[in-house]
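Asks: Now for the letters of each chain:
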Amino acid sequence: MFENLSGKFAGVFDRLRSRGALNEDDVTDALREVRLALLDADVALPVVKDFIASVRARAVGQEVLDSVSPGQQVVKIVNDVMIEQLGGAGAVPVNLNAPSPIPILMVGLQGSGKTTTSGKLALRFAQRLRKKVLLASLDTQRPAAQLQLAQLAEQAGVPSLPIIPGQTPLEIAARAMDTARREVFDIVILDTAGRLSIDQALMDEVREIRAATDPVETLLVVDAMTGQDAVNTARAFNEAVGVTGIVMTRMDGDARGGAALSMRAITGAPIKLVGMGEKIDALEEFHPERVAGRILGMGDVVGLVEKAAETIDQEEAEKLARKMAKGRFDLEDYASQLKQINKMGSLSSIIGMLPGAGKLQAQLAAAGKTDIDQTVLKRQAAIIGSMTVKERRTPDIIKASRKKRIATGSGTSVQDVNRLLKQFEDMSHMMKRMNKLGQKGLMRQGLAALLPGNRRQF
Amino acid sequence: MALGFFSRLKDGLSRSTQKLTESIGSVLTKRTLDEEALADLEDALVAADLGTDVATRIIEAFRSTRFGTEVTDEDIRTALAEEIAAILQPVAVPLVIDRSLKPHVILVVGVNGTGKTTTIGKLAQSYAEQGLHTILVAGDTFRAAAVEQLQVWGKRTGAPVVSGGPGADSAGLAFDALSRARAERADVLLVDTAGRLHNKSVLMEELSKVIRVMRKQDPAVPHSVLLVLDATTGQNALQQVNVFKEMVDVTGLVVTKLDGSARGGIVVALAQEFGLPVHAVGVGEQASDLRAFDPMDYARGLVGAA
Numbered sequence: 001m002f003e004n005l006s007g008k009f010a011g012v013f014d015r016l017r018s019r020g021a022l023n024e025d026d027v028t029d030a031l032r033e034v035r036l037a038l039l040d041a042d043v044a045l046p047v048v049k050d051f052i053a054s055v056r057a058r059a060v061g062q063e064v065l066d067s068v069s070p071g072q073q074v075v076k077i078v079n080d081v082m083i084e085q086l087g088g089a090g091a092v093p094v095n096l097n098a099p100s101p102i103p104i105l106m107v108g109l110q111g112s113g114k115t116t117t118s119g120k121l122a123l124r125f126a127q128r129l130r131k132k133v134l135l136a137s138l139d140t141q142r143p144a145a146q147l148q149l150a151q152l153a154e155q156a157g158v159p160s161l162p163i164i165p166g167q168t169p170l171e172i173a174a175r176a177m178d179t180a181r182r183e184v185f186d187i188v189i190l191d192t193a194g195r196l197s198i199d200q201a202l203m204d205e206v207r208e209i210r211a212a213t214d215p216v217e218t219l220l221v222v223d224a225m226t227g228q229d230a231v232n233t234a235r236a237f238n239e240a241v242g243v244t245g246i247v248m249t250r251m252d253g254d255a256r257g258g259a260a261l262s263m264r265a266i267t268g269a270p271i272k273l274v275g276m277g278e279k280i281d282a283l284e285e286f287h288p289e290r291v292a293g294r295i296l297g298m299g300d301v302v303g304l305v306e307k308a309a310e311t312i313d314q315e316e317a318e319k320l321a322r323k324m325a326k327g328r329f330d331l332e333d334y335a336s337q338l339k340q341i342n343k344m345g346s347l348s349s350i351i352g353m354l355p356g357a358g359k360l361q362a363q364l365a366a367a368g369k370t371d372i373d374q375t376v377l378k379r380q381a382a383i384i385g386s387m388t389v390k391e392r393r394t395p396d397i398i399k400a401s402r403k404k405r406i407a408t409g410s411g412t413s414v415q416d417v418n419r420l421l422k423q424f425e426d427m428s429h430m431m432k433r434m435n436k437l438g439q440k441g442l443m444r445q446g447l448a449a450l451l452p453g454n455r456r457q458f
Numbered sequence: 001m002a003l004g005f006f007s008r009l010k011d012g013l014s015r016s017t018q019k020l021t022e023s024i025g026s027v028l029t030k031r032t033l034d035e036e037a038l039a040d041l042e043d044a045l046v047a048a049d050l051g052t053d054v055a056t057r058i059i060e061a062f063r064s065t066r067f068g069t070e071v072t073d074e075d076i077r078t079a080l081a082e083e084i085a086a087i088l089q090p091v092a093v094p095l096v097i098d099r100s101l102k103p104h105v106i107l108v109v110g111v112n113g114t115g116k117t118t119t120i121g122k123l124a125q126s127y128a129e130q131g132l133h134t135i136l137v138a139g140d141t142f143r144a145a146a147v148e149q150l151q152v153w154g155k156r157t158g159a160p161v162v163s164g165g166p167g168a169d170s171a172g173l174a175f176d177a178l179s180r181a182r183a184e185r186a187d188v189l190l191v192d193t194a195g196r197l198h199n200k201s202v203l204m205e206e207l208s209k210v211i212r213v214m215r216k217q218d219p220a221v222p223h224s225v226l227l228v229l230d231a232t233t234g235q236n237a238l239q240q241v242n243v244f245k246e247m248v249d250v251t252g253l254v255v256t257k258l259d260g261s262a263r264g265g266i267v268v269a270l271a272q273e274f275g276l277p278v279h280a281v282g283v284g285e286q287a288s289d290l291r292a293f294d295p296m297d298y299a300r301g302l303v304g305a306a
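Chains as they are written, first to last, in this note's numbering: chain A, 1 to 458; chain B, 1 to 306.
No wet-lab data here; the hints were simulated from the structure. Quick reminder that beta carbons are idealized off the backbone N, C-alpha and C, glycines included. One should not assume that every hint holds.
The list that follows gives simulated cross-link-like pairs (lysine-lysine, DSS-like), each with its CA atoms no further than 27 Å apart [to be verified]:
#1 A:Lys390 x A:Lys378
#2 B:Lys245 x A:Lys378
#3 A:Lys403 x A:Lys378
#4 A:Lys378 x B:Lys216
#5 A:Lys319 x A:Lys339
#6 A:Lys279 x B:Lys209
#7 A:Lys378 x B:Lys102
#8 A:Lys319 x A:Lys404
#9 A:Lys279 x B:Lys216
#10 A:Lys422 x A:Lys378
#11 B:Lys216 x B:Lys245
#12 A:Lys49 x A:Lys132
#13 A:Lys339 x B:Lys245
Label pairs and their computed distance ranges (CB to CB) [claimed, not checked]:
#14 A:Gly409 x B:Arg291: 56 to 64 Å
#15 A:Asn418 x B:Asp289: 55 to 63 Å
#16 B:Asp289 x A:Glu332: 57 to 65 Å
Could you put the whole structure together from the sequences, leaning on the hints where they help?
Replies: Quick look at the structure:
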């Protein structure tokens, strides 16, 4: 797979170290790896071909800098081209430059997440922009789809258009716009039924809805797990309704999300938002530079840092950092760290964000562990909870009889207690190495620098 | 799948990569099956979501038997279809309800938006037509209006729906439904579950709990665990199947939304990797649109053979 493109490149380019510029043959070798990697990441074939051509054009003939290896340099070019083709750096906001009520049309295939995204979008406009939002479901196809949007509206605390059974989507759209004008809404989100790109009747219908409401934004909602078909979907919807923006959903899954690149390339429309979970507030801005790393398997460090910043108690973290720097890290700190990790969510999703951690994830998968068991964390917290303050500060004093007491107190076994102590010891070691490496070393080598060769997973 | 795969592909790619289309066009006329032609065919397979590994393997098999021969468009299509159908043949196994179980318990799982509830509706319809007493369990207590969606299907098919309030414990619900189905000597118990991404360990654990709790009544249940897969899914489907199989012992697949453009090739990759039975495919939104999986039909559709 694509996990360490950098690693593969290193091999391809090793023999190149002494030469001056990247030549055609070397680049071709490396690009074969890139091609496979992109295809494995579900980037559509025609888009891959264009992508490879761009990278080739830029890489051939380029001087190899002294400070980096040729492999790293190509990785950088690949990454740069990827970011560019995903839309450049920074997020593109939803366009709201129009007289109210501003219609926003949501389109996409069945099950891509249109209705959930509509609810999330409404909450976002209402909360962050203080807009008055009306939600209207035009989905008369799927059973209870209109009810679903009504319930989501309730969760988001925004009104939804009353359901009148028997109305056609076009009638509902007209009624939504009328209601919005009469009751002075700022934004109307029109959620349509899922439809296949080859279903002519339904595509005509959505075209009519678009003509009747003249939406400022027509957002195509796409599942991040989508494969090669992304091209067909993007093209069909773009031709029928003129897509102005894309929402990638289920980006909290472990798909590489190559569909993002395909979508952007085919429609030319920016990816504006990403769905990051089932909760109604789990909608985030799309940052091309982060998703590039994900598609390339290079980790999403910024995303990790942001997630950490959101969930981790700042004061607590600073206290911890000070202690680490001094090399005074005790079990109490370990316990508070466990708590913080728990708050951040699944461990493997965190690991997935780290550069160089692809191998680690693969190892976990190979061991049949697709996720690290969260209950382990809880158990460890319980063990530490059963220790006295003195034991936590000076774990060295914990011998057989104390271990037995702690195990009984926490409902675990002495082995569990031993394992925790061993892990704590490993961690203290890691802290010391981290201090030695310094921030620069960490950035360069990633997490791998910290991991001893064959550390057993708990 | 009236429109052939090659012509669909040709349409699809015409704008962005003229060169590729041309080269595939040239594969279609009579010519020697050389390296270039094979590479074009491999691309065509990759573009149908078969994945790079499987595409390479199929082309390798092709190379060993037919390299350098003069072939026509139809030869290639037929031969490719046969190659693919051969991979799929062993997994085309229908789901047979064991009427002696009373009830045959079927747990339906999958990631969000693949069509679990719709599939249950279609299955319920088919069982109703066979005269089987079916009970549905609205186990998706998380998503808004999921219960109501299943209730609509219950009404359409005449199957009673066991449901709880929003946020109800789906394991408890399944347990109660199982006792009811046993008491009524129902033939089938179809248990819907909330969609969940396979990388969310907490949600996956919840799914194991549903099984664990039902097994307190009968250690043999669920008799079938169906993973519903969206045919538009790319390579991530492999990971999905892997994790769900690990966590809840998936016994078979249902592939939905196989009614669109060139796609569903991931089924071939899944067959090769896991060999799990493909019980049925969904080809539309109507109740009758759940069909038995026919490998040759599917393979021919994929490559556009007549």
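Asks: State for each hint whether it applies.
Replies: Right, here's what the structure says about each hint:
| no. | hint | in the structure |
| --- | --- | --- |
| 1 | A:Lys390 x A:Lys378 | 21 Å, holds |
| 2 | B:Lys245 x A:Lys378 | 26 Å, holds |
| 3 | A:Lys403 x A:Lys378 | 18 Å, holds |
| 4 | A:Lys378 x B:Lys216 | 26 Å, holds |
| 5 | A:Lys319 x A:Lys339 | 15 Å, holds |
| 6 | A:Lys279 x B:Lys209 | 22 Å, holds |
| 7 | A:Lys378 x B:Lys102 | 40 Å, violated |
| 8 | A:Lys319 x A:Lys404 | 31 Å, violated |
| 9 | A:Lys279 x B:Lys216 | 32 Å, violated |
| 10 | A:Lys422 x A:Lys378 | 17 Å, holds |
| 11 | B:Lys216 x B:Lys245 | 21 Å, holds |
| 12 | A:Lys49 x A:Lys132 | 45 Å, violated |
| 13 | A:Lys339 x B:Lys245 | 30 Å, violated |
| 14 | A:Gly409 x B:Arg291: 56 to 64 Å | 59 Å, holds |
| 15 | A:Asn418 x B:Asp289: 55 to 63 Å | 58 Å, holds |
| 16 | B:Asp289 x A:Glu332: 57 to 65 Å | 60 Å, holds |
Going down the numbered hints, you'll see the structure goes against 7, 8, 9, 12 and 13, while the others check out.
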